Structure formats: structure tokens, C-alpha cells
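Chemist: Chain residues, written in single-letter form:
Protein chains: 2
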Amino acid sequence: MATQAGAMTDIDLKLAGELGQQLRVDSVRSSTSAGSGHPTSSMSAADLLAVLVGRHLRYDWDEPANPANDHLIFSKGHASPLLYSVYKAVGVVSDEELMTGYRRFGSRLEGHPTPVLPWVDVATGSLGQGLPDAVGVALAGKYLDESPFHVWVLCGDSEMAEGSIWEAFDKASHYKLSNLIVMVDVNRLGQRGPTDLSWDLETYSKRVAAFGARVFIVDGHDVAEIDRAMAHARDTTSEQPTVILARTIKGRGFSEVEDREGWHGKTFPPAMAERAIIELGGERGLIVRGPKPDHAAAARAAQPTAAVTLPVFALGDKVATRKAYGEALTALGARRDVVAMDGEVSNSTFADEFAQKYPERFFEMYIAEQQLVAAAVGFSVRGYRPFASTFAAFFTRAYDFIRMAAISQANIRLVGSHAGVEIGADGPSQMALEDLAMMRAVQGSTVLYPCDATSTAALVQEMADRDGISYMRTTRGAYPVLYPTGEAFPIGGAKVLRASDDDQVTLIGAGVTLHACLDAADQLRDDGISARVIDAYSVKPIDTDTLAAAAAATGGRLVIAEDHHPEGGLGSAVVDALTGAGRVDLTVRHLAVSELPGSGTSEELLDAAGISAPHIAAAARSLTS
Amino acid sequence: MATQAGAMTDIDLKLAGELGQQLRVDSVRSSTSAGSGHPTSSMSAADLLAVLVGRHLRYDWDEPANPANDHLIFSKGHASPLLYSVYKAVGVVSDEELMTGYRRFGSRLEGHPTPVLPWVDVATGSLGQGLPDAVGVALAGKYLDESPFHVWVLCGDSEMAEGSIWEAFDKASHYKLSNLIVMVDVNRLGQRGPTDLSWDLETYSKRVAAFGARVFIVDGHDVAEIDRAMAHARDTTSEQPTVILARTIKGRGFSEVEDREGWHGKTFPPAMAERAIIELGGERGLIVRGPKPDHAAAARAAQPTAAVTLPVFALGDKVATRKAYGEALTALGARRDVVAMDGEVSNSTFADEFAQKYPERFFEMYIAEQQLVAAAVGFSVRGYRPFASTFAAFFTRAYDFIRMAAISQANIRLVGSHAGVEIGADGPSQMALEDLAMMRAVQGSTVLYPCDATSTAALVQEMADRDGISYMRTTRGAYPVLYPTGEAFPIGGAKVLRASDDDQVTLIGAGVTLHACLDAADQLRDDGISARVIDAYSVKPIDTDTLAAAAAATGGRLVIAEDHHPEGGLGSAVVDALTGAGRVDLTVRHLAVSELPGSGTSEELLDAAGISAPHIAAAARSLTS
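So the protein lines, in turn, are chains A and B. The first sequence begins at 1 in this note's numbering and counts up one residue at a time. The second sequence begins at 1 in this note's numbering and counts up one residue at a time.
No wet-lab data here; the hints were simulated from the structure. Remember, it's a predicted structure, so these values are computed and weren't measured experimentally. It is possible that part of the hints are untrue.
[What the hints assert, rightly or not] Derived lysine-lysine pairs resembling DSS-like cross-links, with alpha carbons at most 30 Å apart:
| id | chain 1 | residue 1 | chain 2 | residue 2 |
| --- | --- | --- | --- | --- |
| 1 | A | K266 | A | K176 |
| 2 | B | K357 | A | K206 |
| 3 | B | K142 | A | K266 |
| 4 | B | K318 | B | K142 |
[Stated by the list, open to error] Computed list of chain B residues with no C-beta within reach of chain A, every gap over 12 Å:
| id | residue |
| --- | --- |
| 5 | G91 |
| 6 | R104 |
| 7 | W199 |
| 8 | E225 |
| 9 | T236 |
| 10 | G290 |
| 11 | A314 |
| 12 | G316 |
| 13 | P428 |
| 14 | P480 |
| 15 | G486 |
| 16 | Q504 |
| 17 | R525 |
| 18 | V574 |
| 19 | R589 |
[What the hints assert, rightly or not] Counterexamples of contact, computed for chain B against chain A with all Cβ distances above 10 Å:
| id | residue |
| --- | --- |
| 20 | D60 |
| 21 | A65 |
| 22 | A68 |
| 23 | A210 |
| 24 | A224 |
| 25 | P269 |
| 26 | A273 |
| 27 | T309 |
| 28 | K318 |
| 29 | E360 |
| 30 | V496 |
| 31 | E595 |
| 32 | G610 |
Note that CB positions come from ideal geometry on N, CA and C, so glycine has one too.
Construct the complete structure from the given sequences, taking the supplied hints into account.
Modeler: Written out as C-alpha cells, the structure reads:
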């Protein structure tokens, strides 16, 4: 397809048509060979991809890491046969790999795309996520890389029912993401029948237009019409994202399944696949590459960055860890690869300090936590080191995005403030009491919960260079600075704050309960009980050696106190670590927030939950008496 | 305000204006007295509430349980001072309680509304949830109760950025919820500055209209205009939900803060509050009640229901637990209080069997998991027993809603299919590997993970009568029926499937790994090792007694295998229970899914994750050698 500038010639039209059929044939072949997959959902979008890949996607297939490449994100990840057939058509995946690898154990051609493939930016397959991720990539391209690449997204029509899609459109128009082009494959049929809106393209059009996008409605099987829309879409002078609403037919090209219910996610048995391939004109071996990017833009993220000087806090001063987060993040802003975003609570999380100093690298995501996390994933795709903050409780809104970010191998940092009953009067809706469990269960995650400003600042710096999904929990109230400037807080470590040769019990806390543990130790000392105190600031990975040594030294007597529900948090982390390390002889008192809390002061609520110093001391006494 | 039928008289206008000022004054007084709260966000919506409560809300304040009452849901829960001031104005909360209770420890007037108050349906405060919950209440009203009540929702403008709001509008129009009336308090200012759309009411209007609502734009401080819009809104012949977009001023009525940034969530110091009260015309003691509902409609949910006959499965037959769920749910359909909903995957979760038999009690929520859970909460408000199903992985999308449902004291049942690596070829995006951790951490939750069809059916029936948040994890593949018809599976129990007097090790599994544990026990027997096998079908609450007895009988040697990430799931449940019960002497091998899985067959993936029978047997051998 000679040129992507002018209108398509007859030869271009024919070639695009042929390529579309090839993509269909290969989608059928690969899914039938695997006995699993979504051929019909691939066939509906094949013509869109044929025109895109042949004429509009500026991509150097020999150099997927080229920062000037366009991005192609399959938000409808179940159309993986189509994506992998595209990879075959551009010559980067062999027919053999497609036919023997798709959905097989150990293969990179997984059931839904993941970044084990070099051309895949983010894992998709949980619907409604590819587009929000793409918004993040487009934000990076427009505002940080200042690179002319486009981000092309293929959405399914079913996923338009996900609220996250509308969070994405809202932010895309707010940030004038003219580099974002969304193709919606409106094939009318979802998994179990017609979609909510079926082929009502007018309603789709009104919705996306109302959310600020430029809209083109096309016949998704008319390659000339698709081509014209894509050419218009590439014009970035409009300052709007573009949506191409394509009316398509599920199973297009194979009359036995076209527009029929009951064929979602079903492969064709071999004989049926043979009939499909014949009807589609047989196998083809086209290798088609479209335009390359105009120039190799250097990714801004790779630029050298300045040294970081962390904020300093005086011992004993009362400083909220959320405040220390804001100051440390701002200090890290000296690195040009650090970007920050927040869910409209930056004056509470203290991300606003970064925003004031580095407005060009701060992105307000408003109250849209799914998009908040997805934006971080998008920045990670472009090599930045994003920090996303909101109230810890509200990251629960984005759990599916966090889970998927791990599968995307994204490197993102989440910082949640206002954790636990400690927040006081606002009541349970604002209290994160499940966040440690939620974040620990994420594959490969890091979970940090510092108790003071010094350790917070040090750990924020550790997070900046940490791969995978890192989470820090910060506290609303101000508590004394415990650690001197310059003390190291390696991830996976712990601090022993009280220790003697005759310790009888170990008190383990993190965040606000660490202070309660220290107070309890003082109370116990007055009773003649010597208690070891451990600051488990690194909840995952946890410092098993320090915990095991303390358990051994104190007769296996442990009191663990946490401002979290009893399940899956610090207590589980400690007990999982110790029982995972070999034979254990333990007597544990685990103090956590079991009942539904209400409003009150921090002190009242911590005490009512049974996690204040007197409760910790009483638990320790019960173990030592 | 004499009548709600005709236009407002001069007296009505004056009274509504006075009532609005009283609500403002009391919002200021209560928040200043507490030193915490959101007066300015209350003041913007005071006139809306004055007109609503005085003339349109049909509510018998003496009988909040009257099923014919309208519902009033504050989706902007931070405007609790306004809501509680309304309760004072209708005479159900005293001025003393308002002034001494608000946000205080032990008081029912919490920082954000919760159903500890009899007039509150659902807890709010996590934005974007009240409206989706209201959609559930309206669905129940229109389709099940067939009652003429209206559901009135007060939304903030900031929360319009949440995707869940658009899931709600989409479903509200799809289901023609003319009984749903949404007031949006467009006061322009969010927590840290202007909202995304500021006072752009035209864009809001286009968006909600495109999502199928009837829209009225009003001056939110013109009581006559508000009244006309509300009178129109109550006309249910349109078959559309109604949205009243009210242009308002944050802090309205007090010139020092009106439309000013920096006053979100801040109370006025006492001297400033005094000036505000003076400017607002001083304290008032109006008691105003609006219309009562026309008749006392009996809630359908309360009707007597037929006996349930659970499906029967033959021992040894291979039946997927998700299939057993569908059959058991359909059997439970004999009870008229059981309703079901699904996220467009009912042919995978097998909720479609219920949908076919009881289409009038099945609600398709399409791919919108937040609205799926919120609908269940809404049905719970009306006394029904909702079962909501989707892939287990996709409940992560709704975690904030599940967390809030617990605070709402909702009684809902969630059933997630396709758990773990067992699902095979679809790959990690579709594999729930965090769900047990996520659900265990919910306050007061129940978490069930049956291994066979018989136990599944029995537990589905147990769930129907279980209060709080219940979750069942089902499996994709078919496995042998292990239990005879009629066996009891109490929640909190466990089954000992292999036991002898000389057991050397305990194997603990649930769901798919229970079958692997049985196979491992057979392999171990061949090696002369006698293993106890426990089916921990009730993951929370877990059967501590049975576990402790097994641990004691087998020298503390435990192998726990689960198709879940290592954190927070079955392994944590077992270890938490045993260490919580007193001194323990344990040697544990915990087998779980540590690495990121890919595609493959069930067998390949279970084995690669190290949770198949050979791995379990090897772990047991390592403990007993």
C-alpha cells in the first residue's frame, strides 16, 4: 500500500482487502489449531487493522523499542488471534509460531496479549483497560516526550459499558490528546448476546462526542472509508482525541457464523475452519509493512537526571508521613523521569508540593482512580517513573487495574494516604482497612508502611528505582520522627527499636501502631517486662530473618498490631513469613480492626479497635504471665 | 409548603427559602461544633434539599421501614451536615444530637452517612457509589416491588468524573428507570480547586442526555425553578431517568467563602461561624414535613416463598462447580426473594440457567462490574437476596463497592467463576489469583471455595440466608463429585476426607487443589505415608477446631495448596487461624502461585505453579522424611 498520504489507489484497495482476508484466515487457523480463542471477534476488526497496519501505523517493526514508533493497544485483548496475525503479516512472527504457539504452554502468544511480546505495551483482557492505559501513553507522548507518535487503540463495543472507558475519554479530551485514536469495533454481539446498544452508532457517537472526542462513523468493512477516517484522525490540529466508530459484523467473511449469536469465544472445528478458509479465499502469505516513524525521537525519560537531596526531619518533631511523602516526592522531582499524578486530593496526599514545583510533570486525574492507575501504567510504558497518589481506601477502586499492571510488567508507584481508623472523624468510608491485603496479593508487589518522616523519605527514594508495583501507605496524623537523617531503609528490611538480652516478648508494628508498640514497651518496662520492638516498615518483602531472630529470642511470643482488618495485612505477613521459614513454635496475639468502626478521634478509634498501646501492653502481659 | 401538586405559592417560596437557610445554618453549626466536616459542600445543595423534602419526597418519617417511602441517597456523602440538618428539620434528630453527636465517637451521625441511621439506605463517602446503588433500588422498585416510590439521589459534580456514574446512567436508561431522579449539585469546586468541567452545564447536559436521561438545568438557588423541575421529574411516563443539573455556589449564603477555593472540607472557626449564621439570618427552628407515600405497598420480598429442592449429583461424575452454582441458583429461584444478575458472562458463570427460568428476576448488567455489585446492594436495600456473578478476576473491578457494601451492612452474594491458573489457555488476565485475599479482608465477609458440585449446591443455599458479604469461588473445569446428596456443609466447617490414627502429615486444599490433595494422599500411601486430607471449603470463617486437631494429630506438619497468590488466601487463613488459637508448633509447606502464569492447559499450569498432586506429595515427603 504505497502511500498513506493520498487516497487509496485501486491497487491499495485490493491489497487492503486481501490483507484483511489474510488476517481473518490466520485468526481462524491459529484459534482452531489451539482449540481456544476468539475468531469471530477477530474477524470483525480485520479490515480496520489491515488499513491501519498497511497505511497509517508508523512503526519500525525491526526496532520495537524505537521511541518514535506509534503505539497499538488492543483494548479488546480477546482479539489476540487478529493481533498475532498482524504480527505475522508484518513479518515478525512466523506462521509456524502462530500455528504451534498460540495459547500453548510456554509460548509468548498468550490467550490475551501481554508484554512478553516486544510489540505489546500493556496486558489486556480485562475489558475497559487498554484505552485508559493508552491515555497514559498519549499523555506522556504529548506532554513529556513531545513526540509526534500516535496511540491507536482497538476497543470492543461490549467494553464501552465499563465506566473506565468514560474516565478515559473524559481525561483524553481534558488533556486535548489529539494523538489518541480509538477504533471501536461495533460488531453488535457480546459474549452471551447483543450488547446494550447493539448497532446504535448514533448513541455511541453522541456519547463520545459529549465526552469531547471527534467522531467518525464508518462501515468497518469498507477499506476506503476506513482509510479516509484514519487519515483525518492523524491530523492532530484538532486538539481532540478521535474515535472511529466502525459498524462491523462479527465473524465477517464466513457466512456460517456472520452476525450469529453463540459464536463468541468459540473456535471452529477443523472441518468448519476449512470451509471458513475456503470462503475467505484461502491462505495467503502477504508481508505488508506500513510507514516508519519520521525520526527517532529520544525518549525524554532517558535523559540524565540531577542528584536528589532528600528532605531532613528533626528527631522528635511531629510530622505526618503523608507530608514527608510530598516533600520526598518533590525532592525526587530533580530527576526528570519522575512524574506524579493524583485523584483530586493532592492537598491531602501532599502530592501538591510536587505539582507546584514541577507542574509540567504533574497530572491531575480528578476523581477517577481507575484512570489514575492506568495513567501511571501508560507513563511506565514510556519509561517514566510515575507516582500516583490518592486516599489509600480509594485504590480499592482500581484493584483490577493494579492486578493487570502487574501482568503488564509495569513499574508504577502507588501512595495511599489516610490509612486505617487513625484518620478519625471521617468514618469508615475513608478508612483503608483492606489495602495491605489487596496490595500484598498483587504478583511481585512491594508494600511499604513507614512510621516516621525519615523512613518515609528514604523509602520514597527506594520506590523510585523499584521495578514492578510498589505501594506505600501513609498516615494522616503527625507522629514523632524516630530515625536520624541518613539512616538506610532497604526494601525488605526492618528496624529493631528496642532490644535486650532478656526480652520476653516481641512487639511488631508498622506505621501508626509502631508508635503504640513503643509506648507499650515503655509501659511493660515499668512492669518489669522487657519487650523487643520491631518496625516492619517493609510489609512485602518482609524481613524474615529479623522476625525469626526476635521470635527465637523471645520464646516465640509475638504481639502484632496493625490498623487494618485482621486478614491479609501485617499479621499475615509476619505469620506467613515465620511459618514459611521452617518449624516454628509461636504464641501470637494479633491485634487488628475486627469490627466496623465509626467516627471519633484517632485516639478513641485506635483504642476502640484494640490496637492502642494499652491493648498491646495487655496482650504482651497475657503472653508473659 | 402546602401542596406538592401545583406551583409554589408565595408562602411556599418563602418557607422553602427559610428552610434552605436553616439547613445551611445547621450545617455550619454542626460542623463547627465537631471541628470537622464539609459545610460549604452542604450549603450549595441546601435549596435543592429544602424543596425536595418540603414538597416532593414522599416519606413517612415516623415509619422509615414503610416500603412505600421514597428513597433519598446522598451520593455526595461528605454533605452529611446537610443530610443530618434535614433530619433535624423533619423532626427525627434533635438539635442536641446534631450539635453533640456529629462526627463524635459512638454517635450515629458519622462523618459520612451509614445505615446505622434508619433513614440511610447505603453508606456513601466513596464518591460515585450512591448513584449506582440507587440504580439497584430503582430496579427493585420498578421490576420487583412494582411500587410507585421514587429514588432521589444527590450527586456532587466532582464525582461525575467516576466511571461508575456512567455505568449507572447507562443501566438506568437501559432499564427505563423513570423512578430515578438524580440531582447534581454543580458547585464548580472540588477538593483542591475547580472540577474538570467547572460550571459547564451544557457539557454535563450533553453527557447525561447521551446516556439516556431526561435533563433539566436549573439555578440551584431558585426554589421555584427547582420545584418545577422536581414536579416534572416525578412524572414517570417518560420511561427515562431524570437528571436535574443544578448550578450552585459552594458556600452559598456566606459571602466570606462563597465560590472560594480553599474551603472544601473545612469548618468555620467559631467566630467565623457566628458571622455566617448572622449572614444566613440566624438560627431557625422550622419543622417541615412533606408528603407521605400514597399507600403502604407490601414489599414483594416479604412474600412467602416455596420450598427449595437442590440439584442432585452422582458421586464420581465430573461436574464443574460453576455449573452446580447455576443449577443450585435456579433451584433457589423457587424463593421469590432470590434475584440474580451477571456481568455479561452468564453463559460462563451459568447464571443463565436462572435467567432462563426466572427472567423477571434476572438482571443483565453487561460488562460493568461496579454497577453489578451496586445493583446487588440496591436489591439488598429492598430486602431481596441478590446473587451477582462474573469471572472471579473481574470482581477486583468492584472492590471499592464490595468494601463499601460491608459498611452499608448490605446482604449480598457474589459468585466468581474461572478462578486461578486452572482456567488454562485464556492466560493471566482472566485468572483470579487475588480474590480470596481481597474478599477475606472485607469486614464481616464469608468466603467459600467448594471443590465439588454437591458442596457447591449446599453452600449456595447457605449463602442465600447468610447476612453480610458472601463470596463463592467456582472453578472452570469439571471435577468428580465427592460428596453424597444431602451431606451438610455448614459455613465455618471443613471436611476431613482422609484420616487415620497414624497420619503423619495434613494436606489442606480447597476447590481444585482439594482434588490434587486427594491424589497426593494416594501417592503418599503408596510410599507408606499416611496423610490426613482436609477440604477447607469455608475459607472464612475457617474451621479452626478441625485444623488444630489435624495439626495436633500430625505433628504440626501441614501442606497447604491453593490456586491463588501466596498472600492472603487459604494459606494465610489456615496459618492465621492456628496461630490465633494459642501456642502452636508447626512445620508448614505452603504451595501457591508465586510467578506470573501464562497460557497452557489446566494440568500444565497447575503443575508449573507447583500446586499439582506431585508437588503436594513431594512437599509432604519433605516434611515426613
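Chemist: Can you list which hints this structure breaks, lowest number first?
Modeler: 1, 2, 3, 4, 6, 13, 18, 19, 23 and 31
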